[in-house]
Structures are given as structure tokens and as C-alpha cells.
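A.B. asks: Those protein sequences? They're chains A and B, same order as listed.
Reminder that position 106 of the first sequence reads as 106 in my numbering, one-by-one numbering, no gaps.
Reminder that position 100 of the second sequence reads as 100 in my numbering, one-by-one numbering, no gaps.
One should not assume that every hint holds.
[Stated by the list, open to error] Derived DSS-like pairs: lysine-lysine, alpha-carbon spacing no greater than 27 Å straight-line: (1) Lys33(A) to Lys289(A); (2) Lys49(A) to Lys33(A); (3) Lys201(A) to Lys214(A); (4) Lys214(A) to Lys99(B); (5) Lys81(A) to Lys193(A); (6) Lys74(B) to Lys200(A); (7) Lys201(A) to Lys231(A); (8) Lys74(B) to Lys201(A); (9) Lys231(A) to Lys163(A); (10) Lys180(A) to Lys154(A); (11) Lys222(A) to Lys283(A); (12) Lys222(A) to Lys235(A); (13) Lys201(A) to Lys235(A); (14) Lys163(A) to Lys68(A); (15) Lys200(A) to Lys214(A); (16) Lys231(A) to Lys68(A); (17) Lys154(A) to Lys74(B); (18) Lys180(A) to Lys89(A); (19) Lys283(A) to Lys33(B); (20) Lys99(B) to Lys222(A); (21) Lys262(A) to Lys33(B); (22) Lys214(A) to Lys74(B); (23) Lys154(A) to Lys68(A); (24) Lys193(A) to Lys33(A).
Honestly, the hints are just simulated from the structure, not real lab data.
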Amino acid sequence: MGNSSKDDSATDGDTSSGDTPPSNSGVYSEGEKVLAYHGPRIYEAKVQKAELRKKEWRYFVHYLGWNKNWDEWVGADRLMKNTEENVTKQQALDKKQGVDKNMKSGRSAQTKPKSSADTKVDKEDLKNNVSKGKKRKSESGVEKDNVSLEKLVKIQIPSTLRKQLVDDWEFVNQQDKLVKLPRSPTVDDILTKYLEYRSKKDGMMTDSIGEILKGVRCYFDKALPMMLLYKKERKQYHEVVIDNVSPSTIYGAEHLLRLFVKLPELLAYVNIEEETLTRMQQKLLDFLKYQLNPYKLYSTFREQFLQKNQSTFFLSAYDGPKVSEGKGKGKDD
Amino acid sequence: MDNGGKEREEEQDGMSVHSPCKAPPSSASSLPKEQSQVELELRLLEALEIYPPVKLQGIHRHFVLYGLMEFLRKSFDRHFSSDEVLQLLDRFYNLEMLKPDDEETEILNHEEDFCLPQSFFVKEES
Numbered sequence: 001m002g003n004s005s006k007d008d009s010a011t012d013g014d015t016s017s018g019d020t021p022p023s024n025s026g027v028y029s030e031g032e033k034v035l036a037y038h039g040p041r042i043y044e045a046k047v048q049k050a051e052l053r054k055k056e057w058r059y060f061v062h063y064l065g066w067n068k069n070w071d072e073w074v075g076a077d078r079l080m081k082n083t084e085e086n087v088t089k090q091q092a093l094d095k096k097q098g099v100d101k102n103m104k105s106g107r108s109a110q111t112k113p114k115s116s117a118d119t120k121v122d123k124e125d126l127k128n129n130v131s132k133g134k135k136r137k138s139e140s141g142v143e144k145d146n147v148s149l150e151k152l153v154k155i156q157i158p159s160t161l162r163k164q165l166v167d168d169w170e171f172v173n174q175q176d177k178l179v180k181l182p183r184s185p186t187v188d189d190i191l192t193k194y195l196e197y198r199s200k201k202d203g204m205m206t207d208s209i210g211e212i213l214k215g216v217r218c219y220f221d222k223a224l225p226m227m228l229l230y231k232k233e234r235k236q237y238h239e240v241v242i243d244n245v246s247p248s249t250i251y252g253a254e255h256l257l258r259l260f261v262k263l264p265e266l267l268a269y270v271n272i273e274e275e276t277l278t279r280m281q282q283k284l285l286d287f288l289k290y291q292l293n294p295y296k297l298y299s300t301f302r303e304q305f306l307q308k309n310q311s312t313f314f315l316s317a318y319d320g321p322k323v324s325e326g327k328g329k330g331k332d333d
Numbered sequence: 001m002d003n004g005g006k007e008r009e010e011e012q013d014g015m016s017v018h019s020p021c022k023a024p025p026s027s028a029s030s031l032p033k034e035q036s037q038v039e040l041e042l043r044l045l046e047a048l049e050i051y052p053p054v055k056l057q058g059i060h061r062h063f064v065l066y067g068l069m070e071f072l073r074k075s076f077d078r079h080f081s082s083d084e085v086l087q088l089l090d091r092f093y094n095l096e097m098l099k100p101d102d103e104e105t106e107i108l109n110h111e112e113d114f115c116l117p118q119s120f121f122v123k124e125e126s
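All chains should be built: construct the whole structure from the sequences, respecting the hints.
C.D. replies: As C-alpha cells, then:
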């Protein structure tokens with residue numbers, strides 16, 4: 001079953017019998033990050049809405065980092081799962097297309113058609129042909145201010161930690177559990193310990209790793225409320241983080257780990273020389289492997305979650321009255 | 001740009017408002033020292049093209065500073081501490097007066113829920 005590439009006419013196979021539920025559709029859920037074809041290239045995008053129209057799933061996508069004007073309805077054939085394999089594909093395409101200045105200016109110059117998605121598709125095809133025709137217009141180097149996908153730092157999160165992230169997701173979203181806060185060790189503790197360890201190991205030259213760790217902490221404090229919390233954790237956040245306390249003195253390894261998923265997005269705003277970037281990636285990876293490695297902290301992750309689960313305190317804190325660790329006065333009996 | 005090191009030095013002295021104690025300690029050894037100072041400053045200015053000082057205020061501060069440290073390390077083949085870099089910068093900029101640029105405040109301005117990329121779940125299957 002090759003993905004039927006027609007955008008809106010593919011109502012043939014799955015009309016009456018429900019036995020072939022549109023197999024390649026419905027696979028993308030709202031809020032999911034995906035890769036989306038737009039013209040000759042693949043972009044990182046987020047599914048904002050998913051709707052079943054005429055037996056076919058349509059997705060309203062937002063291209064990450066692009067103006068909302070580009071948001072549009074597309075069919076499943078325009079989307080791909082955000083897997084490593086597909087990301088590689090994306091990068092390969094990027095390379096093939098060469099400099100993306102071309103594309104970028106093409107995009108922003110084009111006025112946004114207000115019409116339906118279908119005509120948009122046509123226009124797009126047209127545009128692609130056009131741009132193919134006069135491709136060589138600008139061959140100059142990649143622009144500096146270009147927060148483009150190919151520039152993203154890649155931090156390969158070790159598989160044990162990837163699994164931890166999935167568990168973490170499951171605990172919070174499937175099992176309605178929250179990490180008990182304040183967490184010990186805190187993000188601060190973890191970072192400080194690591195710096196100590198490095199100083200013992202490499203002597204003087206810890207200045208650079210120190211700077212990186214400070215950077216991580218700074219990102220963490222800013223990013224935590226903005227992009228590191230699952231929806232279900234927001235209430236807890238507002239209970240616990242009060243009076244300008246730094247989240248890094250309250251949250252722990254679980255949330256720090258989530259930062260590493262987001263790190264490429266954040267670092268994309270900094271222009272860093274390639275060689276330096278590589279060194280930095282390596283340092284971050286060392287940190288992940290050594291300091292966030294399962295045998296040190298991870299085993300306690302589970303305990304933390306389990307404790308929560310068992311204690312009625314946690315459950316009540318989650319559902320009802322505003323009590324949380326440390327300031328639950330009057331509720332201990 | 002290629003007026004001799006001497007001239008530059010004077011100019012520099014005349015202009016620098018803060019950092020009065022930055023001048024080479026003794027005038028006796030001044031020539032080679034001056035030159036290396038000029039070299040250092042030139043490199044730094046070069047580096048600032050990649051790592052704009054504005055970014056030294058705001059959330060990316062540390063990574064930009066790291067970039068500068070690495071740049072100088074590569075150029076001079078020796079270690080530069082973050083303090084050293086900041087002191088150097090102080091000759092040219094009053095960092096505290098810099099305002100973080102708008103782009104940066106935009107990034108972390110809208111709240112969104114954390115979303116674990118699909119690729120993580122795929123791996124888990126095995």
C-alpha cells in the first residue's frame with residue numbers, strides 16, 4: 001500500500017469497509033512533531049489539528065521556526081514521522097538542495113494564498129517548477145542569521161536515557177504521577193557535582209566545561225516553565241516555584257533530561273563555529289553519560305515515582321487541595 | 001588598520017574610560033607586550049563578529065562566552081579563562097549596558113507543553 005499521493009481524491013479503497021482504516025493516516029496526533037514536505041524540502045513541523053475529512057485525515061501543520069502564515073492543511077502524504085531515519089533523509093535533501101537561501105527568500109516573498117489547501121498545493125507545485133527553473137539565482141553561502149535545521153546541534157541521547165524519557169512520559173501522562181518536589185538531588189546539585197568531578201579529573205582546565213554547565217543551568221531555569229513541563233505538571237509548578245526561586249534548585253534529573261531533548265532548538269539561536277560546536281557536543285554528551293547515567297540517578301527515578309504512587313499524600317496533592325511537599329501544613333496525620 | 005602597534009596603543013589609552021589599570025605594568029618591557037596586546041585585541045574583535053557582544057546578556061550568555069574562549073584558545077594555542085575573556089571585553093564594551101536582543105526574548109516567551117519526539121517511542125519497541 002504505497003501512500004496514495006493524491007491529496008484529496010483517494011476515496012477509493014476505504015470507502016465502505018472499515019477493515020482498511022486509512023492505514024497511513026490518523027497516525028499523526030495533535031501536538032506531534034513531524035517532518036513535513038513543503039516544496040522540495042522537508043521541514044520540522046508540528047501538527048496543530050487533525051481532522052477526518054471525507055475519510056481522509058487532514059492535518060493542520062505549523063512549520064517550526066516559520067511564520068504562522070505558512071501554517072496549512074496537508075494530507076498524510078506530506079508528512080513523515082520525526083524519526084532519526086527521516087531526519088537523515090531530511091538532511092540529505094537539504095544537502096542536495098544546496099544553499100537554502102534560495103528557498104527561504106522564495107518562501108517569504110511569496111504571498112500567502114488565502115484559499116483552500118487544495119489550491120495551495122497547486123500553487124506550490126507551480127512554485128517548485130519555477131524555482132527549479134531559475135535555481136542558480138543565488139549561490140552565495142549560508143546566511144548567518146539563518147536558524148536553519150541543518151545547523152542544529154545533534155546530541156545523541158544514550159539509549160538508556162531515551163528509555164528513561166519514555167518512562168517519564170508514561171508516568172506523567174499515562175499514570176498521572178508527578179515527581180515529588182523538591183527533588184533531591186536538584187539540577188544544581190547534579191551540575192555542581194559534575195564540575196567537581198571534572199576538576200578532580202582534569203585539573204585546571206575546567207573553565208570551559210564550567211561555562212557550559214552554567215549555560216545549561218541558565219537554559220534550564222528559563223526553559224522549564226516554558227517548554228519542559230507536561231501539561232499535567234503545570235499546577236504543581238505554580239505551587240512549588242514561588243518567589244523567584246530558580247527551578248534548578250527544585251527540579252531534578254527527570255526534567256534536566258528533558259532539556260537535552262530541547263537543547264538543539266535553543267542552541268540554534270547561537271552562532272557557534274563548527275569545530276567549537278563539536279567540542280561542546282562532546283562535552284555535553286560526556287556529561288549525559290557520566291552524570292545522568294542510569295546507575296547513579298536513574299534507579300532513584302523509579303523509586304521517586306513509586307513513592308508518589310503509594311503515598312496518599314501525593315495523590316491528594318495531585319488532585320485536590322493545594323498541598324505540596326514542604327508546605328503542606330495541617331495535612332499530616 | 002595597519003598603523004603600527006605604537007600608535008594604536010596611544011589611541012587606545014586616550015580613549016579608554018574604564019579599566020585604568022589595564023596598561024602594561026612597566027614601560028620597560030613594553031614593545032613586545034604591546035604587540036601581543038594588539039594581537040589579542042584584534043583577535044577578540046574578530047571573534048566578536050561571530051559571537052556578538054549583545055548575546056553576552058541573556059540566556060545564551062554562557063555559550064557565547066564559551067565560544068569566545070574557544071576562539072581565543074585556538075588562535076593563541078593557550079587556555080583562556082572566562083574571566084580573562086570578560087576582562088578583555090571590558091576594554092571595549094560595558095556589557096552591563098547591553099540589552100538582550102528581541103529575538104532572544106521571543107524564544108522562551110510563549111508557553112508550550114513538553115512533547116517527547118516520536119522517535120523516542122519508536123526506539124522503545126525493540
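A.B. asks: Now tell me, hint by hint, if it's right for this structure.
C.D. replies: Taking the hints in turn, this is what the structure says about them:
Our distance criterion of 27 Å between C-alpha atoms is met by Lys33(A) and Lys289(A), whose separation comes to about 26 Å. For the given pair, Lys49(A) sits about 12 Å from Lys33(A) by alpha-carbon distance, which is consistent with the 27 Å threshold. Taking the CA atoms of Lys201(A) and Lys214(A), the gap is about 19 Å. The hint holds against a cut of 27 Å. Distance check on the hinted pair: Lys214(A) and Lys99(B) sit about 20 Å apart at the alpha-carbon level, within 27 Å; holds.
A distance of roughly 38 Å separates the Cα atoms of Lys81(A) and Lys193(A); the hinted pair therefore is violated under the 27 Å criterion. Note on Lys74(B) and Lys200(A): the hinted pairing holds, with a Cα-Cα distance of about 24 Å set against a maximum of 27 Å. Straight-line distance between C-alpha atoms of Lys201(A) and Lys231(A) comes to about 40 Å, which puts the hinted pair past the 27 Å bound. Restraint check for Lys74(B) and Lys201(A): the C-alpha separation of about 23 Å stays at or below 27 Å, so the hint holds.
Simply put, Lys231(A) and Lys163(A) have alpha-carbon atoms about 21 Å apart, close enough for the 27 Å limit, and the pair holds. Between Lys180(A) and Lys154(A) the alpha-carbon distance is near 31 Å, which puts this suggested pair outside the 27 Å criterion. The straight-line distance between the Cα atoms of Lys222(A) and Lys283(A) is roughly 21 Å, inside the 27 Å bound, and the hint therefore holds. Restraint check: the Cα-Cα separation between Lys222(A) and Lys235(A) comes to about 17 Å, which is no more than 27 Å; the hinted pair holds.
Of the supplied pair hints, the one linking Lys201(A) and Lys235(A) is violated, its CA atoms being roughly 41 Å apart against a limit of 27 Å. The straight-line distance between the Cα atoms of Lys163(A) and Lys68(A) is roughly 33 Å, outside the 27 Å bound, and the hint therefore fails. This hinted pair checks out: Lys200(A) and Lys214(A) have alpha carbons roughly 18 Å apart, not beyond 27 Å. About 23 Å separates the Cα atoms of Lys231(A) and Lys68(A), which keeps this hinted pair within 27 Å; it holds.
A distance of roughly 23 Å separates the Cα atoms of Lys154(A) and Lys74(B); the hinted pair therefore holds under the 27 Å criterion. Only pairs whose Cα atoms come within 27 Å are accepted, and Lys180(A) paired with Lys89(A) is rejected, the gap being roughly 40 Å. Of the supplied pair hints, the one linking Lys283(A) and Lys33(B) is violated, its CA atoms being roughly 34 Å apart against a limit of 27 Å. Distance hint between Lys99(B) and Lys222(A) is fulfilled; the C-alpha atoms sit about 17 Å from each other, no more than 27 Å.
The suggested pairing of Lys262(A) with Lys33(B) is violated, with an alpha-carbon distance near 45 Å, which exceeds 27 Å. With a C-alpha separation of about 22 Å, the suggested pairing of Lys214(A) with Lys74(B) holds against the 27 Å cut-off. Note on Lys154(A) and Lys68(A): the hinted pairing holds, with a Cα-Cα distance of about 26 Å set against a maximum of 27 Å. Among the hinted pairs, Lys193(A) with Lys33(A) is inconsistent with the structure: their alpha-carbon atoms are about 34 Å apart, more than 27 Å.
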